[in-house]
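In the order they appear, the protein sequences are chains U and D. So the mapping is simple: the numbering used here equals the position in the first sequence, first residue as 1, plus 2. So the mapping is simple: the numbering used here equals the position in the second sequence, first residue as 1, plus 5.
Read the hints as simulated data drawn from the structure, not as lab findings. Treat each hint with caution, since some may be false.
Claimed, not checked - With a straight-line Cα cutoff of 27 Å, these simulated DSS-like cross-link-like pairs (lysine-lysine) come out: (1) Lys38/U x Lys212/D; (2) Lys559/D x Lys224/D; (3) Lys38/U x Lys559/D; (4) Lys495/D x Lys575/D; (5) Lys224/D x Lys38/U; (6) Lys164/U x Lys212/D; (7) Lys579/D x Lys559/D; (8) Lys129/U x Lys310/D; (9) Lys112/U x Lys212/D; (10) Lys129/U x Lys559/D; (11) Lys291/D x Lys19/U; (12) Lys38/U x Lys234/D; (13) Lys652/D x Lys124/U; (14) Lys157/D x Lys78/U; (15) Lys124/U x Lys234/D; (16) Lys14/U x Lys420/D; (17) Lys310/D x Lys84/U; (18) Lys84/U x Lys291/D; (19) Lys393/D x Lys420/D; (20) Lys7/U x Lys112/U; (21) Lys78/U x Lys156/D.
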Amino acid sequence: MAKVKKKIKTIKIDLDKCNGCRACEAICSAFHATPKYSSNNPARSRIRMIRDPLRDVYVPVYAGEYTAAECMGRDKYIIDGKEYDECGFCRASCPSRDAFKEPDSGLPLKCDMCEDDPPLDKPLCVKWCLNDALIYEEREEEVEEDIKAEDVQIGLESMVDKYGMEKVMDTIVRMSQKD
Amino acid sequence: MRYAETGYNLEIDLATGNVERVETDPRLTELHLGGLGTNAKMIWDRVPADVKPFDAENLLIFSSGLLCGTPAPGANRTIVSAYSPQTELFGYSMMGGFWAPELKYAGYDKVVLRNKSPNLVYIWINNDKVEIRDASHLKGKGAVETAELIKKEINDPGAQVAAIGLAGENRVFMASIEQGRSSASRLGLGAVMGDKGVKAIAVRGTKDVNLAKPAEFVKLCEEVLDYIKLREENPVPGVMPILAGLGSPQEMKHIDEKWHTENFMWGNSRVRRKDFWTKEIAEKWKDVQLNVRTRLISCYNCPMKCGAIISVPGISTYMMKCFSKLTYAMAAFVDDLDFGFRIAQRATEYGVDGFSVPQAMAFGFELREEGILGEEYFEGCPSDNEGKFYWMLDRLVRREGIGDILADGTYWASKKIGNGAEKFAHNNIKKHEQLPLKLGMLNPVYYLMYATGEKINITQIEGQFPQSPFPTMEEREAFIKDWIQCPDDKFKKYLLDWELRGEFANPTYPTPEIASDIVDWQEMIHYFDDALGICAGLSSFPLKPPYHIHNFPKIISAGTGMELDEEGLKEIYKRNRNLVRSLNVRRGMRRADEVPPEDHWKKRFPELEQKLLDTYYEMKGWDNDGIPKKESLERLGLDYVAEDFEKRGIIKNG
Numbered sequence: 003m004a005k006v007k008k009k010i011k012t013i014k015i016d017l018d019k020c021n022g023c024r025a026c027e028a029i030c031s032a033f034h035a036t037p038k039y040s041s042n043n044p045a046r047s048r049i050r051m052i053r054d055p056l057r058d059v060y061v062p063v064y065a066g067e068y069t070a071a072e073c074m075g076r077d078k079y080i081i082d083g084k085e086y087d088e089c090g091f092c093r094a095s096c097p098s099r100d101a102f103k104e105p106d107s108g109l110p111l112k113c114d115m116c117e118d119d120p121p122l123d124k125p126l127c128v129k130w131c132l133n134d135a136l137i138y139e140e141r142e143e144e145v146e147e148d149i150k151a152e153d154v155q156i157g158l159e160s161m162v163d164k165y166g167m168e169k170v171m172d173t174i175v176r177m178s179q180k181d
Numbered sequence: 006m007r008y009a010e011t012g013y014n015l016e017i018d019l020a021t022g023n024v025e026r027v028e029t030d031p032r033l034t035e036l037h038l039g040g041l042g043t044n045a046k047m048i049w050d051r052v053p054a055d056v057k058p059f060d061a062e063n064l065l066i067f068s069s070g071l072l073c074g075t076p077a078p079g080a081n082r083t084i085v086s087a088y089s090p091q092t093e094l095f096g097y098s099m100m101g102g103f104w105a106p107e108l109k110y111a112g113y114d115k116v117v118l119r120n121k122s123p124n125l126v127y128i129w130i131n132n133d134k135v136e137i138r139d140a141s142h143l144k145g146k147g148a149v150e151t152a153e154l155i156k157k158e159i160n161d162p163g164a165q166v167a168a169i170g171l172a173g174e175n176r177v178f179m180a181s182i183e184q185g186r187s188s189a190s191r192l193g194l195g196a197v198m199g200d201k202g203v204k205a206i207a208v209r210g211t212k213d214v215n216l217a218k219p220a221e222f223v224k225l226c227e228e229v230l231d232y233i234k235l236r237e238e239n240p241v242p243g244v245m246p247i248l249a250g251l252g253s254p255q256e257m258k259h260i261d262e263k264w265h266t267e268n269f270m271w272g273n274s275r276v277r278r279k280d281f282w283t284k285e286i287a288e289k290w291k292d293v294q295l296n297v298r299t300r301l302i303s304c305y306n307c308p309m310k311c312g313a314i315i316s317v318p319g320i321s322t323y324m325m326k327c328f329s330k331l332t333y334a335m336a337a338f339v340d341d342l343d344f345g346f347r348i349a350q351r352a353t354e355y356g357v358d359g360f361s362v363p364q365a366m367a368f369g370f371e372l373r374e375e376g377i378l379g380e381e382y383f384e385g386c387p388s389d390n391e392g393k394f395y396w397m398l399d400r401l402v403r404r405e406g407i408g409d410i411l412a413d414g415t416y417w418a419s420k421k422i423g424n425g426a427e428k429f430a431h432n433n434i435k436k437h438e439q440l441p442l443k444l445g446m447l448n449p450v451y452y453l454m455y456a457t458g459e460k461i462n463i464t465q466i467e468g469q470f471p472q473s474p475f476p477t478m479e480e481r482e483a484f485i486k487d488w489i490q491c492p493d494d495k496f497k498k499y500l501l502d503w504e505l506r507g508e509f510a511n512p513t514y515p516t517p518e519i520a521s522d523i524v525d526w527q528e529m530i531h532y533f534d535d536a537l538g539i540c541a542g543l544s545s546f547p548l549k550p551p552y553h554i555h556n557f558p559k560i561i562s563a564g565t566g567m568e569l570d571e572e573g574l575k576e577i578y579k580r581n582r583n584l585v586r587s588l589n590v591r592r593g594m595r596r597a598d599e600v601p602p603e604d605h606w607k608k609r610f611p612e613l614e615q616k617l618l619d620t621y622y623e624m625k626g627w628d629n630d631g632i633p634k635k636e637s638l639e640r641l642g643l644d645y646v647a648e649d650f651e652k653r654g655i656i657k658n659g
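Chain D on its own, in the form it takes in the complex:
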């Protein structure tokens, strides 16, 4: 018997309609755990390096994490992978909700989609019965609307549906996949789903997920719950409220938005409004949020309440998580939070990334103001800020006129527009929009995360180490006293030494060696989450989370029956990290691509930045171009990657 996982994938050929239940090799779980790890392995093995994101050969994989469907709190993430249309690199985006555990209960670890359907279809997985059904009546329907219609059609309110909206159908590079109260938004995987002709995947399961050492496993889960309670009662002192507790950014719970609205950039990531959060705004925004928020809600088997049901009068109800209540309003310079909730509803039904799309729209209007885009592109566009953004959003998801250009994201749009537009696409890393943050002094840890992160999105990688030093030694000592998550005592010293000013402050401290150590720890936890399906909100994202390097090996061992200690688990992390990097290296990514936006920090230090990358690459066992070295790959059992690199001349023999 297989434990924690089902041991079967569902393979669907959309061109022929062939559906197969395929037994998987348990050795792959030992090497990669599951989720992101085995997705990356499958794409390495089966998708040639030169396949374009919209080629039929691009696989679109929906994977549950290894622990999804077990009682492990917060194990509910679906990891979606394919080559991304926007970055043209390996794309992996994740969503919480209820879909991944349901897939496990239906008897599968992954759904693998290959080729393309000639007509729009949806897939209905009901335990062993799998149907590809016509979805022509769902064409153009909203993502949330689609899920509701499908549940009615199959007459099963317990089914979980992952769906795309109009944006995915139209291959908008920033299209998301929506599900439950969550979405896989980054890197345009909704566009790949639309390209394959799949409107939605509905799943319902009533089978068992087995555990190897049941009593031990549940005891460990109860320890996690106990620690969540302890952290609820003891927020971390001396840090911002959003960093003091657990969970994903609790934007539905928190109403005080002084920090976001005054520190993040408005418009096309241009302007900071230092005095925005007045008493009047605070009161008005509080009223708006409390009026539209029906209930704070969770994903499967998680006590945190990071999302909410949002009911704005006059428009259909939807579920919101995270930050999109602010992104549209801030990009459009609209000071009314009501607009944020209203436009986010339309955007959720269209199925778009709430980080990238507002940026792309603000970029379009900036080009108009600069005269780079002529008025002919904006015929019929309203003049008020709210109306302008609704108008543009409608065009963008339909790929009409200027919307067709902006639908590819700011990087590709600027290439198409030319005439100096590139300068205005100033907030990208590896062709992908980043959070609208423009900061003062370079922060070495964040520099490395921005530059080298394979997810091409730093959010949620940070979390194990505080974002800034504590002012007094007493606070530092208090922080490290119960820092049970720390993998090594050296991190406690780093924290004690870290000062606000002087030699032991940014940018010279943390030193490149120490910064690399810290980033390595943060990445490690994130790679575990992505393989196990654990939400970052209980693990890699907050300070002092309930999951960490000391309990993960025990939980995985009790769940799967694999003998695993901390060293063994760290090896798996390194293997997955190197395999994901190798996928991108095989597609041409090099050191020259690992560049945060030029204006991300006001104060830059080119020599230090080079040193940071040199040190980080060396620590990872990569060459000076960011390519994993042959001996590093072989040490991790990735000989086949080394051989491939040699054949392609990416690394030289001997």
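Here chain U stands alone, though its shape is the one from the complex:
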């Protein structure tokens, strides 16, 4: 496969600076509403505060790849005397939790770094975090060219995982007959 130069966008997270306000969730869900900003609903956000105040667990995590299966792990980690569940660091939309799924459809959500036209100078969650817990970074890397799966395909795959190919096909046929 051909090598291409690609801009890698990441959000670095400084757990110690997070004040747990969830402004990142608020503005993320607003940005991704249609039309843009028309509604607010943190349950649709592609960044999520994993939050357990009494144990001082404050972890903002932004959504990564969809995964069809639960992981085998679920280990606990002790970092600086605080106990974290492995789920608290995982960016996947997976069957075992509600995070990073559209609340109505259950379809997986993935962070797109607020892709916009014209482009924003940084993702909005970073802009809205006045405590600098989220730090935007860009770097160029030579990577193998990959073919980006379309949103519809990712969505359909998750539906197939959930309901089986047959049921999804039947539904699509039924829907097309209605038209």
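Using the hints provided, position chain D relative to the given structure of chain U.
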């Protein structure tokens, strides 16, 4: 579609278990905005004037503010309303945290509780699914503990829980409702919740809150954030550090407590300790605070860090905000801040008001020292100051012995005790304990806020205008140069003219007219906050806040789609102010009740004080007894209030 609000309330009849989702009239939002405004309207319409706070007919309303759940920074306040057991007037108390936005996402603007449950229950609101669940296993549990247990039981760590502790269950008049890192503490609404048999309300929502003009709204929000950054980088010069920045009093951040410990009163609001803050104390207190403070934290969608997670070794973790780290220690004359954090943990789990309860306990011990309360009331009471206060707190929330008497607050307790005890309940306004401040020269602006505030608590009303004059003209000119919050240039002149001494100094300046103007501005912003659910820490409380009269109409219009300009918004403020006052007037409140504590200021000026009230009432369109006049009410569309007042003979026809 409804914008900014959901357009639905949740009505729960606790006697029958009936739950209804009720569509609300959008016209009410145009008239009152929401939050406090529509709470007051609902209580006016639905709770008869003679209902007692613990009657089944008393409604307990949990309302989100109009902007809660939108991206507006700091829009997260829950406004709880009912008739207060302590003042017997309209009680409204507020809390930040995360509950109100969650309620919006569940699809409701308010939760309205009526009647009483025969058994202790909790309410679980999960979007459209609402359950009233048995809470007998939570009886006697702490407020923070309860929230954690419920989250586990419903298996949803994202749920937000507002809960009462033992104090609320036992109808302690000073009981609070605790939630997130916040609490609705004043006016005893936790007691009303306990009386209704409700231990907690848990809520979780995954629905949309819609905006009318989305792009415009978010741009305005970003301007608010930009201004917060600007203010962080540019503290107001020439004022105390706690007044220089934004946010609620940042007691978890600030460690230097020289000002509070030396200027507020210790004990039963009696003694000022002018030389308290020594180097040794400063170092020790710094160590204590930094050791127990795990993290500075916020409410929903707010960049300020006004609260903290507090982990004191050996006791369960809790969250603290504001001032209660000092109130218990100062009331008990304990010079160790560690005691403050420890007893506040117990008090938070019990769910009590951290301002009133330490006062009531100190009052009890003062009566003992004076021989008004005999030793029989204190059997088993330890002799050290720390032990005494723990002992009393335990009794007070359980309503045992002397605790049962003190649980009603100092006003009612002194009536029960008699034998001259009334003289010792010296720090009340309208039966409610105030901050332990005893000052020198009467300040006309503060006189009016103390006397006439319907919240019966002046804290957080002040904020738009400096608390004292700047010594030099250069400082004054510098202050007004970027005073974008000013509704009218006349306020700039007031500030320029205000001197430390002489004719243009307290008490003769600000004059009654000017003092009334200043108070009106401060109240206006506060009434907006309480209707919109915006935290006072970004609006009515600090100097030069990011929210003000010039951007509020734009934000509300973009959020709701209502056409609103500054004049229109001011009308809504006047309507809400008059409706809240009318609720209290209908329950008998009059000018004679609008009296700050006798010893609040050393130097008093009875004639000036009368003039201040006369001028303020006139400016408000009220008669000389503080009752809104018929024409004032009609001008604001409150004809129904005028009619009611006529029927009751409160105002005379024609």
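Going through the hints against the structure:
For the hint pairing Lys38/U with Lys212/D, the CA-to-CA distance comes to about 16 Å; that is within 27 Å, so the pair holds. Our distance criterion of 27 Å between C-alpha atoms is met by Lys559/D and Lys224/D, whose separation comes to about 11 Å. Our distance criterion of 27 Å between C-alpha atoms is met by Lys38/U and Lys559/D, whose separation comes to about 19 Å. With a CA separation close to 17 Å, the supplied pair Lys495/D and Lys575/D stays within the 27 Å bound.
This hinted pair checks out: Lys224/D and Lys38/U have alpha carbons roughly 12 Å apart, not beyond 27 Å. With a CA separation close to 23 Å, the supplied pair Lys164/U and Lys212/D stays within the 27 Å bound. Pair hint Lys579/D plus Lys559/D holds up; C-alpha atoms about 19 Å apart against a cutoff of 27 Å. Among the hinted pairs, Lys129/U with Lys310/D is consistent with the structure: their alpha-carbon atoms are about 18 Å apart, no more than 27 Å.
At most 27 Å may separate the alpha-carbon atoms for a hinted pair to count; Lys112/U and Lys212/D meet this at roughly 19 Å. Taken as a hint, the Lys129/U and Lys559/D pair is honoured in the structure, with Cα atoms around 22 Å apart against an allowance of 27 Å. Proximity of Lys291/D to Lys19/U is assessed by CA-CA distance (about 21 Å); at most 27 Å being required, the pair is judged to hold. Under the criterion of a C-alpha separation no larger than 27 Å, the hint pairing Lys38/U with Lys234/D is consistent with the structure, at around 25 Å.
A threshold of 27 Å between alpha carbons decides the hint, and for Lys652/D with Lys124/U the separation of about 63 Å lies outside it, so the pair is violated. Between Lys157/D and Lys78/U the CA atoms are separated by roughly 19 Å; this keeps the pair inside 27 Å, and the hint holds. Simply put, Lys124/U and Lys234/D have alpha-carbon atoms about 17 Å apart, close enough for the 27 Å limit, and the pair holds. About 61 Å separates the Cα atoms of Lys14/U and Lys420/D, which puts this hinted pair outside 27 Å; it is violated.
Straight-line distance between C-alpha atoms of Lys310/D and Lys84/U comes to about 21 Å, which keeps the hinted pair within the 27 Å bound. For the suggested pair Lys84/U and Lys291/D, the alpha carbons sit about 24 Å apart, so the restraint of at most 27 Å is met. Proposed proximity of Lys393/D and Lys420/D is supported: the alpha carbons are some 23 Å apart, at most 27 Å. Distance restraint check for Lys7/U and Lys112/U: the Cα-Cα separation of roughly 22 Å lies within the 27 Å cut-off, and the hinted pair is therefore satisfied.
In summary, the hint linking Lys78/U to Lys156/D is supported, as the alpha carbons are separated by about 21 Å, within the 27 Å threshold.
When held up to the earlier numbered hints, the structure conflicts with 13, 16 and fits the remainder.
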